[in-house]
Amino acid sequence: MHLVTFCLGEDDGVHTVEDASRKLAVMDSQGRVWAQEMLLRVSPDHVTLLDPASKEELESYPLGAIVRCDAVMPPGRSRSLLLLVCQEPERAQPDVHFFQGLRLGAELIREDIQGALHNYRSGRGERRAAALRATQEELQRDRSPAAETPPLQRRPSVRAVISTVERGAGRGRPQAKPIPEAEEAQRPEPVGTSSNADSASPDLGPRGPDLAVLQAEREVDILNHVFDDVESFVSRLQKSAEAARVLEHRERGRRTRRRAAGEGLLTLRSKPPSEAEYTDVLQKIKYAFSLLARLRGNIADPSSPELLHFLFGPLQMIVNTSGGPEFASSVRRPHLTSDAVALLRDNVTPRENELWTSLGDSWTRPGLELPPEEGPPYRPEFFSGWEPPVTDPQSRAWEDPVEKQLQHERRRWQQSAPQVAVNGWVRW
1 MHLVTFCLGE
11 DDGVHTVEDA
21 SRKLAVMDSQ
31 GRVWAQEMLL
41 RVSPDHVTLL
51 DPASKEELES
61 YPLGAIVRCD
71 AVMPPGRSRS
81 LLLLVCQEPE
91 RAQPDVHFFQ
101 GLRLGAELIR
111 EDIQGALHNY
121 RSGRGERRAA
131 ALRATQEELQ
141 RDRSPAAETP
151 PLQRRPSVRA
161 VISTVERGAG
171 RGRPQAKPIP
181 EAEEAQRPEP
191 VGTSSNADSA
201 SPDLGPRGPD
211 LAVLQAEREV
221 DILNHVFDDV
231 ESFVSRLQKS
241 AEAARVLEHR
251 ERGRRTRRRA
261 AGEGLLTLRS
271 KPPSEAEYTD
281 VLQKIKYAFS
291 LLARLRGNIA
301 DPSSPELLHF
311 LFGPLQMIVN
321 TSGGPEFASS
331 VRRPHLTSDA
341 VALLRDNVTP
351 RENELWTSLG
361 DSWTRPGLEL
371 PPEEGPPYRP
381 EFFSGWEPPV
391 TDPQSRAWED
401 PVEKQLQHER
411 RRWQQSAPQV
421 AVNGWVRW
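FYI, our numbering numbers position 295 of the sequence shown as 295, with every residue one higher than the one before it.
Check the hints yourself; a few may be wrong.
Claimed, not checked - Label-pair ranges, simulated between beta-carbon atoms:
#, residue 1, residue 2, range
1, PRO389, ALA342, 24 to 30 Å
2, ARG333, SER358, 17 to 23 Å
3, PRO371, ALA342, 17 to 23 Å
4, PRO75, ASP51, 28 to 34 Å
5, GLY64, VAL26, 28 to 34 Å
6, VAL390, ARG333, 18 to 24 Å
7, PRO372, MET317, 27 to 33 Å
8, GLN93, PHE382, 36 to 42 Å
9, SER358, GLN394, 44 to 50 Å
10, ARG412, GLY360, 23 to 29 Å
11, PRO372, LEU50, 43 to 49 Å
12, LEU50, GLY13, 27 to 33 Å
13, GLU248, ARG351, 27 to 33 Å
14, PRO371, GLN30, 41 to 47 Å
Simulated from the structure, these hints should not be mistaken for laboratory data.
Note that the Cβ used here is the ideal one computed from N, Cα and C, for glycine as well.
Could you put together the complete structure from these sequences and hints?
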């Protein structure tokens, strides 16, 4: 994956490779590194970067232009990155590129490129052949999941954490608050922790208190994966805008029609997300609103209202970059639960309320007040491929928490709604 490219002498404070390495570490600590997946191909006379889907060539660096190839360890990192320094003939300063390998370590990729360079300069290919054998052996080994984890990976700045029991409340495990769809009499007070769970209580259902804890933990995990995807999408929007500004600046100062080094990567980065990707992240934000309301009694520090405010920053950016509220207002599924609408109504700031109400009924009214949507219930699919556990320890299927609550609200409404008798009289 390509991480970042610096042009020595153009960026503030980046005059050497060491400066570039330090700046990369700072950018990563600030969550400003967006890894772009691509294929790196080493041929007898070029190192080429390809789009992984279309196989379109993005960049091609002649071996004669590569002045340094190395595996480096940026500050604060435990795995090496691949460093390429390329000097184009028409440019006064070289470009410094950083990559990270997914299946192969930086050292193996470095050996392959250095073998190709040795062959290119001396006409002897034994070093490249040895590097290719080592690469094939590594690819044939079983790779553990831990080894596949990218060394540069931004973690979200906000995480939901399940509340722990108050001192003296029991065994020290988190205790689940009564789940919202099982409340028949009244809604409990929205507190950060619950201390008196009763295994015989109908609030917890037939699963009992221990499984209610697992249910709450599972739903908090789902919520945190939603946050991961929202932050990843926002990071992509920021990188897309940044790449577009750089391209525009280069276009204004261009003296020749020849594409400058690195512009293929910039063009790829500058592409905005697709309409389907915008829809996906907006659906996840709606889903998160309902989860935050459902988990209000189970999470604290940050609380549900605090996490609600966090989501409005990304929502504002998404609405702005999609042309206004019209697109977001067309995202009808998933419906909001009644508790989600209440949480929003009671906690949004005036500025957040202006954005929220501009999105229309699909965002401001609960699903009970909207026409039913056709098709299967909404289920979030995460960028990482993660899926929540399908069954509990007793091998019973977990239901989707938001859909489960929406169904409960519909049943409760049907039971409380007036019924019309055959003779036309309204019977309660």
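Here is what the structure says about each hint:
1. The hinted range of 24 to 30 Å is satisfied by PRO389 and ALA342, whose Cβ atoms lie roughly 29 Å apart.
2. The hinted range of 17 to 23 Å is satisfied by ARG333 and SER358, whose Cβ atoms lie roughly 19 Å apart.
3. Between PRO371 and ALA342 the beta carbon distance is about 21 Å. The supplied range of 17 to 23 Å therefore holds.
4. At about 31 Å, the beta-carbon gap between PRO75 and ASP51 stays in the expected band of 28 to 34 Å.
5. For the pair GLY64 and VAL26, the beta carbons lie near 32 Å from each other, so the given range of 28 to 34 Å is met.
6. For the hinted restraint 18 to 24 Å between VAL390 and ARG333, the CB-CB distance of approximately 22 Å keeps it satisfied.
7. For the hinted restraint 27 to 33 Å between PRO372 and MET317, the CB-CB distance of approximately 31 Å keeps it satisfied.
8. Between GLN93 and PHE382 the C-beta distance comes to about 41 Å, which sits within the given range of 36 to 42 Å.
9. Hint check: SER358 to GLN394, Cβ distance near 45 Å, so the stated range 44 to 50 Å holds.
10. Range check, ARG412 to GLY360: Cβ separation about 25 Å, and the 23 to 29 Å hint holds.
11. Look at PRO372 against LEU50: about 46 Å separates their beta carbons, and that is inside 43 to 49 Å.
12. The supplied range of 27 to 33 Å is met by LEU50 and GLY13, whose beta-carbon atoms lie about 32 Å from each other.
13. Remark: the range hint 27 to 33 Å for GLU248 to ARG351 is upheld by a beta-carbon distance near 30 Å.
14. Range check, PRO371 to GLN30: about 45 Å between beta-carbon atoms, so the 41 to 47 Å window is met.
Going through the hint list in order, the structure satisfies each hint without exception.
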